Amino acid sequence: MISKAMGLALAALGGLAAAAPAMAQNEQFIPILSYRTGAYAVNGIPWANASADYYNLLNERDGGINGVKIAFEECETGYATDKGVECYERLKGKGPTGAAFFSPLSTGITFALTDKTLADKIPIITMGYGRADSKNGAVFAWNFPYLGTYWTAADIAVQHVAKEMGGEANLKGKKIALVYHDSPYGKEPIPTLEILSKKLGFELMQVPVTHPGVEQKSQWLLIRQSKPDYVLLWGWGVMNSTAIQEAAAVAFPRDKIIGVWWSGAEPDVVPAGAQAIGYKSLMLQHGAGEYAVHADLKKFVYAKGKGLAKEDFSQVLYNRGLVNAMLGAEGIRAAQKKYGNKPLTGEQIRWGLENLELSEARIKELGFEGMLKPVKITCADHEGARTGRVQQWDGKAWKEISDWYTARQEITEPLVADISAKYAAEKKITPRDCSKES
Amino acid sequence: MAGFGSFLEVLISGLLAGVLYSLVALGYVLIYKASGVFNYSQGAMVLLAGLALVRALGFFESQGIPYAAALVLALLFAAAVMALTAWIIERFILGPLVNQNELTLFMSTIGAAFILEGVAQMAFGSEVYPLRMFPKDAWILGEAYFPGGILINKLDIWGGVIAAVLVAAIALFFQRTKTGRALRAVADDHLAAQSVGIPISWIWFVVWFAAGLVALAAASVWGTKLGVQFSITFLALKALPVLIIGGFTSVPGAIAGGLIVGAGEKLAEIYLGALIGGGIEYWFAYVLALSVLMVRPQGLFGERLIERI
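From first to last, the protein sequence lines stand for chains A and B.
Under the working numbering, the first residue of the first sequence is numbered 1, with each subsequent residue one higher.
Under the working numbering, the first residue of the second sequence is numbered 439, with each subsequent residue one higher.
Same shape as in the complex, but just chain B (with noise of 0.2 Å):
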């Protein structure tokens, strides 16, 4: 029975993991799924969000404002530091790049990741900065039935619940806003969406603040998870074997491929690491992710791309 237990408890802990990576995925596929644009610097995003939330909450909790009201107050900050960031992207970047093919628009963003990593780290500092938003501590659950327990960490909670609410918001935005809409016409193709009177600059500014909320709450998730740090950055690595099983395109997708790589590799990693060494989390959730590939190159929940030739 303690087998079970602890096998139980691996797999809930790894659903709940891949939930956390599922926030940062998010990001990527409102942007992709909108603009048909593979944002690179969701990760930098992330970053930016996290120590602009963190920092203002030093702030004006030094100014005497107590917690909550300072909490209010940093989130205002952070989520018009990624509006500002939104329309710069927008039109110093992407503006400029309209209809130029996909390849091209992502390596604007691959510039745009060192640009946003580095002024993120001048504008507010490179250190670790501890963010205190959710509880850290854990449950332990059924111990009657398993010796030890099933560990239940609260903040893994904490995620899925953000998750949950950012998946209905952005499918409610998506399914029942004339924006939303017309991200999905912009996304097919720039200048036919632009020749019906879309006004393109509008869209991409809506749908990079969107994201850039998203990246808000996966920050505020994962920086109470380590402290707000560079290292941040690197939950994009993370996001990625979680898209390619998703999906681009799907909100959906990224939260069950979330779920299927999270579950994945820390089942790996703890009966298939003890066989052949260990440390083999990172590569395995890419080697789950090439897997759907060969059978599903769109991930399990992506659109079917059929094209005229």
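Next up, chain A with everything else stripped away, as it sits in the complex (with noise of 0.2 Å):
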């Protein structure tokens, strides 16, 4: 009687696995690597429930990408390396056509998955954070730092900088005090602002934090003690609403702090209160509000109660999940373009995103006029764009105070050829000739 059970409940099991394959035949699966628990869950539940919603709003709205319904499943990794490496193992193979891409939003686990996806063949997508030197797609044909690398963010600050002290000539005896995350996020962009230094005869001070960032007053004592000139800010999570307090309890002002795009969000901010007014941060193009998107979100997605997000739609890093579900999305369009309208490979898929290219009326179509310039990707480019502004926090909102800065590929390009082609010799890879890519 009891293996007659057991018979009938394999027999239904294995009807299942037959038939769960056969409801996504046409369904393109797009993994998401989130963080909705541990230290840095308050960045990470607004980019989750972004990428959630958008995926979402294509279905709704648009019954999928050309009619290719889009499947997706959050993976918790806690933004730990190991487990980000776990949650791409278990989640690579998944789907008719295995994983589209993956976005760590997490340089760590980005680190470990760039020698895996180059092997497994999936793109891996990290817009505004990753390998700097990723940008070179002759070498790292997987990785794309979509809009901005840690090199670009460290010329536009600097340009920033140089700005409000009159110019860069300005610069020369001056002292900039770097406080980073002692990871490979907070490390990397120390290679450009060395090159910087020498260049524009700025004093570096170079002060790591350690994770997850809860205990500063080493570091603030340390700045307090030095007088830097103005403190760049490397941080994520917890660690910058501290340094934000820290600045305010060494009486270190907050409007000579400019934060990196990662340390610029809203829980950056509010729990430093009114010690946070004044701070600035880098803008990787879009800040916060509302645009043409939000409102098909709000018409498709939660009018039908499936969206994720509450205090958090619309805030910085809930844009930024949106932004980069978006750029995603298009990349499987533009490679169906090439492969057909049907669920593809993370190899065809590759292509999509290598070729990528959103004019401003295109962007405008999408609902994302006002929070991204066109993005054109290449072969040789995969970073596709070097703009950024600064904002500043007032006590309730962030508001933009710049113009639009450019990263000067004068400086960063050097560094990008010489890392990159180490990379290349270390992992016997060779470069691709872009100008036979097509």
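Careful, some of the hints might be misleading.
As the list claims (entries may be wrong) - Which stretches of chain B does chain A cover? Using the computed rule of at least three CB atoms under 8 Å from a CB of chain A, they are:
hint	stretch
1	448-460
2	563-574
3	669-682
Hints are computed from structural coordinates only; laboratory data are not their basis.
Everything numeric in this text was worked out from a predicted model, so none of it was measured.
No residue lacks a Cβ here, since even glycine has one placed at the ideal position from N, Cα and C.
Put the two chains together into one complex, using the hints given.
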């Protein structure tokens, strides 16, 4: 009797297993590596909400991408590299054609996955983070650090500091401190800042903060005693709000601190209250606020009770998650033009991501006008855009306070060429000839 | 003179930061001293207490209740949450494990930590919630003697005052109350304590509730400093070297350990970190702790354990 029941159960399970792929034959699977728990949850939640909301929007409003529905699944990484790799291994083969791409939202996980994606032929989108040298698509065929690397960010930040000081010539003899998360992420801007320090004659003071950054008294006492003219903040999660509060405690002026674009969201300033007034950060093009895409989300997703965001809807990191999801989806759409309107493999989607071009008109059509400038990705340039602005917290909202800056290729390109060449030699990768790619 | 002023500033700030670590360490000591259990979940209890406090405060204020009254109500609510937590832990986790070995009890508190973290965030949210219980600005003292003066943060002073009150209260509780003396008997031998009529369930409830109140005190200070958020659980990592140095059974040891760790790590970060690249204070605290272990395995103030073989 027991064996008969077990037999029935196994048959049912077998049926389900057989039925599941059949149901998903016309779906494109996109994994969402998220962190809704742990020290960085406040930053991870809006991003994860936005990713799921945008894929739901495409399904609800457009019936997917050219009729191919999007299936997605979240996997919790907790911002831990080991868990990120586990998630990658679990999800890379899911769906009829495997994972379309990964967006780990972690430089540590990106470093760990870079070799794996090469072997598995799955692209990895690292919008605004990850390895800065992976901009060189000839070497890093599978990495896409869209819209800006940390070397781009470092140059934009120094350009803004120079502008505030009345020109680059005035940086000579000044001291700029980099307060950074002591991790691959936090260390990434150092090579560019060292070059700029030599070129412009300012002293670069490096101040590491150990994860997660809940205690920074020593670092800010050091800053109080060393009296830098400006502080660049390269933090994430609780490190940012703690840094701002410690800066206030040692009376370091907040308007002399400029954070990278991962140090410029609402969770970074709200806990500090009035102490955060005047604090500045870079913008990865977009800021907070509602645009046309938000109206569509309300109409097609939230009205049906499928939206995930609450107060984070339209906040900085939510909007960044939307932009990231949109760029990935448009990469799939670009690939469909070449390979057909069907679920595609990671290798096929890589081509789409590498040939992605979004004009101003197309960005408007997608509902992202005002959030994003035109983007053009090529084999040689997986970054696609190197522009940013600066915003300042007024106690209630972020205000844009600068015009657009563009990172100078003459500063960053020699580094990209040098470091990516070393990586290629180490990994025995033969760089592609981009003139022959199409 | 500027150099000495800077040194003094780092030293004082370190000592005061150490007191804040002691606030967390006291919760561990309380439970270990009274029940022989190393409570891995103390960091999670700080998170739970902080979330209950800040969310209740927000709720009462939104009902138009003045801040002072709302704060009192929120503190009472958070204390009630910690009492309920203590009862659940005793009833469903530790109660069934009476007289099991220390490792089993320790493992059960690891489980409790993960459950508390999950339930706390599920019940009260996982955002960052600002708490403004204490002033956060600073005094600059001695400007006449040292260029730039010596900076003392008011929040750190509040932390010191709260730690002093807690230490006095805990000392009185252990020395002067019947329950306190019974707690010490339970710590020595669960079964023997039960056999002489000590109600172990009640005792464990009391000690976990007391540790919950200590967690609430720590959460009020650290929540003001950082905002109440998940990262508060990482304070457990700051309390461990304090415990190793001070000893797991000593309340004064938790304070002394905190002072040593706080001052040691800050001085090391500023003066040694500059030579070897910085970012050393987290592990340097453990260097200090291991150094003490080599000389006094029971910690500077811990009880020397002599067992018959």
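query: Which hint numbers does the structure go against, in order from smallest to largest?
result: none
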